[in-house]
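Visitor: When you get a sec, could you build the whole thing from the sequences and use the hints?
Order-wise, the sequence lines are chains Y and U.
Residue 288 in full-length UniProt numbering sits at position 288 of the first sequence; the count goes up by one each step and never skips.
Residue 22 in full-length UniProt numbering sits at position 22 of the second sequence; the count goes up by one each step and never skips.
It is worth saying that the hints were derived from the structure and are not from the lab.
There may be inaccurate statements among the hints.
No distinction is drawn between identical chains; accordingly, a pair holds when it is met within one copy or between any pair of copies.
Below are the SDA-like pairs computed for lysine to any residue, each with C-alpha atoms no more than 20 Å apart in a straight line [said to hold, decoys possible]: (1) 360 with 377; (2) 229 with 30; (3) 360 with 414; (4) 153 with 48.
Number of protein chains: 2
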Amino acid sequence: MVERRKPIWVKDAIENVMKYKKHGDIELISLDDCDGRFLAEPLVADHDVPPFDRSPYDGFALRAKDTKNASRENPLTFKVIDEIGAGQVSPFKVGNMEAIRIMTGAQIPKGADCVMMLELTKEEKGSEGTSISIKRSLNEGDNISFQGEDTKKGSPLINRGAAINPGIKALLATFGYSKVKVSSSPFIGIIATGSELLNPDEDLVPGKIRNSNGYMIESQILRVGARYKRYGSISDNIDKLTEMIKQAIDECDVLITTGGVSVGDYDYLPEIYRRLGANLLFNKIAMRPGSVTSCAEKDGKLLFGLSGNPSACYIGFELFVRPYIRYWLRSEQPFLRIISGTLKNDFPKPNPFSRFVRGKIVYENGQVFVEPVGLDKSGVVTSLAWADCLIILPGGTRGYMKGDHVELFLLDDQQGSDEPWVEAKFSKL
Amino acid sequence: MVERRKPIWVKDAIENVMKYKKHGDIELISLDDCDGRFLAEPLVADHDVPPFDRSPYDGFALRAKDTKNASRENPLTFKVIDEIGAGQVSPFKVGNMEAIRIMTGAQIPKGADCVMMLELTKEEKGSEGTSISIKRSLNEGDNISFQGEDTKKGSPLINRGAAINPGIKALLATFGYSKVKVSSSPFIGIIATGSELLNPDEDLVPGKIRNSNGYMIESQILRVGARYKRYGSISDNIDKLTEMIKQAIDECDVLITTGGVSVGDYDYLPEIYRRLGANLLFNKIAMRPGSVTSCAEKDGKLLFGLSGNPSACYIGFELFVRPYIRYWLRSEQPFLRIISGTLKNDFPKPNPFSRFVRGKIVYENGQVFVEPVGLDKSGVVTSLAWADCLIILPGGTRGYMKGDHVELFLLDDQQGSDEPWVEAKFSKL
Chain Y
1 MVERRKPIWV
11 KDAIENVMKY
21 KKHGDIELIS
31 LDDCDGRFLA
41 EPLVADHDVP
51 PFDRSPYDGF
61 ALRAKDTKNA
71 SRENPLTFKV
81 IDEIGAGQVS
91 PFKVGNMEAI
101 RIMTGAQIPK
111 GADCVMMLEL
121 TKEEKGSEGT
131 SISIKRSLNE
141 GDNISFQGED
151 TKKGSPLINR
161 GAAINPGIKA
171 LLATFGYSKV
181 KVSSSPFIGI
191 IATGSELLNP
201 DEDLVPGKIR
211 NSNGYMIESQ
221 ILRVGARYKR
231 YGSISDNIDK
241 LTEMIKQAID
251 ECDVLITTGG
261 VSVGDYDYLP
271 EIYRRLGANL
281 LFNKIAMRPG
291 SVTSCAEKDG
301 KLLFGLSGNP
311 SACYIGFELF
321 VRPYIRYWLR
331 SEQPFLRIIS
341 GTLKNDFPKP
351 NPFSRFVRGK
361 IVYENGQVFV
371 EPVGLDKSGV
381 VTSLAWADCL
391 IILPGGTRGY
401 MKGDHVELFL
411 LDDQQGSDEP
421 WVEAKFSKL
Chain U
1 MVERRKPIWV
11 KDAIENVMKY
21 KKHGDIELIS
31 LDDCDGRFLA
41 EPLVADHDVP
51 PFDRSPYDGF
61 ALRAKDTKNA
71 SRENPLTFKV
81 IDEIGAGQVS
91 PFKVGNMEAI
101 RIMTGAQIPK
111 GADCVMMLEL
121 TKEEKGSEGT
131 SISIKRSLNE
141 GDNISFQGED
151 TKKGSPLINR
161 GAAINPGIKA
171 LLATFGYSKV
181 KVSSSPFIGI
191 IATGSELLNP
201 DEDLVPGKIR
211 NSNGYMIESQ
221 ILRVGARYKR
231 YGSISDNIDK
241 LTEMIKQAID
251 ECDVLITTGG
261 VSVGDYDYLP
271 EIYRRLGANL
281 LFNKIAMRPG
291 SVTSCAEKDG
301 KLLFGLSGNP
311 SACYIGFELF
321 VRPYIRYWLR
331 SEQPFLRIIS
341 GTLKNDFPKP
351 NPFSRFVRGK
361 IVYENGQVFV
371 EPVGLDKSGV
381 VTSLAWADCL
391 IILPGGTRGY
401 MKGDHVELFL
411 LDDQQGSDEP
421 WVEAKFSKL
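Guide: Structure (structure tokens):
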């Protein structure tokens, strides 16, 4: 039952997974419920912005030609015939030596072709009504925001696949998307295997630990924008496990198992893949941690076998499951975003395989630095809590030292990348 | 009804708000529902990690003293008396020249004091059972992860106020938090004022625009970790508005109004504050945009009056409302996190007041650059969607040029800062 495993490149593993990529269905949901969801189609302007010629200032709308002779020496007086606030439209047409008081954002009234700012006018109230005097001339179009000058009706503004943030929600409201087309989220089944696992509400007993990988993966699934169904943890019984996996494949879009994939004597996953008639994509990757990450395909659905080691499990999800989910959500940039930074600590271990180290970004004077987390004993426990990136140390490299430049996968990022990480050419298997 | 407004510093405005800071109540919720919530108390280890002496490798547990004479020339043979997987405990005690096969993570059996790695042994199966031979010696404690060496029971691992991410959820599961104490989220009431406002499902009519600020603020509220109650948009009727605000103060923890705070003729908010007997904290800030941001206090509850201008509204929320909410959620770092970066574009406008420009961070070769978004006409519409930071241009400065260093508030960040931004000394009102 021990499987001979041939390691493949990280890049090839990602590409093998993405051969089975597909878009999820489209759902129409209320604008109220769209936060954090993913646009299923580009956001398009349903009207010009501004939607009408409008005043960017508080002031008076009038005709430029009437102001031609205004100067400090020759102030001109205009009769104020109406007053309009934002949202109002004047029924009057501005005529010769007339003005209409206008508020910021209000529509330019008929007849007027420019706006004199409030602070450049002097108001006089008399028995015949209000008038203003001005001391300078204006040209046609002065202080008018013209219809469509910011955006034309029909312009695509935001790509499909974008995660809806406050600014995008404002655009959706502005352009009348009271219902929003979003991608449906895939359902990810989770099975934690291993007879050593206790539930969080169970007391510790000798030899056992509590299941934390399942909860961690659930949280990673939510963070990336999908939903999960928990099939519980199960001890290493091959028949029960096969049954549970069959059921999960039926009910879910993707299945993740954790544990049960190392080369120890109790690893049943390769045998289960055979029983299911699943098509094995890979069961070993030239990386640390997570070398025993596996993936198989059954009826077009992917079965990810992540390591039982917490860090390996976490990283396996981010590298291989995340892009599959993000593509499902119609992202055009489903892969992890990469930036570069400078190491703040030595990391002298050689890297026969590509190594991914949990890291924390530190910004100093406009530069990106990164600290590996979990190098010391106590950090091992909390390293996944503090990590906001994965430091990439390509295979075939000697150790890295403080001050070396490294590439980083961002973990909290919503932007993503349109191409997967490509191992440096000097990497060796 | 026009209010004389005295501008105050940004820093002073933040401090005035934070004088009324308070912690929310504590809720006990299921571990399953805790993603994105905020720890109400530090996360503490309920047991040692590792919880028992365990093997970090697959191999054989045995006694170091029995291996003393092992060498390539003198291989020693041990009788294998048991086999234990993760989660199992052997009933046997390892005696003289005996070994127990042990899997990664399993508890070291009684009698054994070291572990020989599997790949350094040669297994032989005979009629009397299995035996192994080894060719090197071990010391007591070799290849054992000792109980408590990573973390001692009772150690605080994560601060209160931390947002629960996948790594923290894994820790909660590990340490038996099947129920988690989290901060209750404040309810923020929202009233969008302005007679020009249409709902997103209404057709545009002359002179009017759709309400987008309300939806944007709701999304900002969710992003920072609070909940909202929408009181709808209301036209500029002072009696109705006063009634609605009274009701909202009763029902919510914080109230946000948008619009109705500029110095135009139709601004009722100062008058409403008077009618309510609210204590005005400020109604003008030396900043752009958002100078007419106001805040008042009534019965210990804060009423924020944000500008009707989308950018000013957005920025007013992030600068003043967000830290109040984050403190409520028991964050010890409730303020916006600041990093520095290099401008990628000229921003030649002088800054008589502190200016906050929506920006997008660009990482290049380990450096942080920032591009103002919304400088061109079409960008104005989408700038809030693309912004991931606010570029800080302190008051009293001339224009900034490409290559200049600037400070940035991060918008998508969960880490925060324990102190508010302090205006540079050279700022002038």
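Visitor: Could you run down the list of hints and mark each one as holding or not?
Guide: So, going through the hints one by one against the coordinates:
1. 360 with 377: within (17 Å within a copy, 37 Å between copies)
2. 229 with 30: Answer is between: at 16 Å across copies they meet the 20 Å cutoff, but 24 Å inside does not.
3. 360 with 414: both (17 Å within a copy, 13 Å between copies)
4. 153 with 48: within (4 Å within a copy, 63 Å between copies)
The structure is consistent with each of the numbered hints, conforming to all of them.
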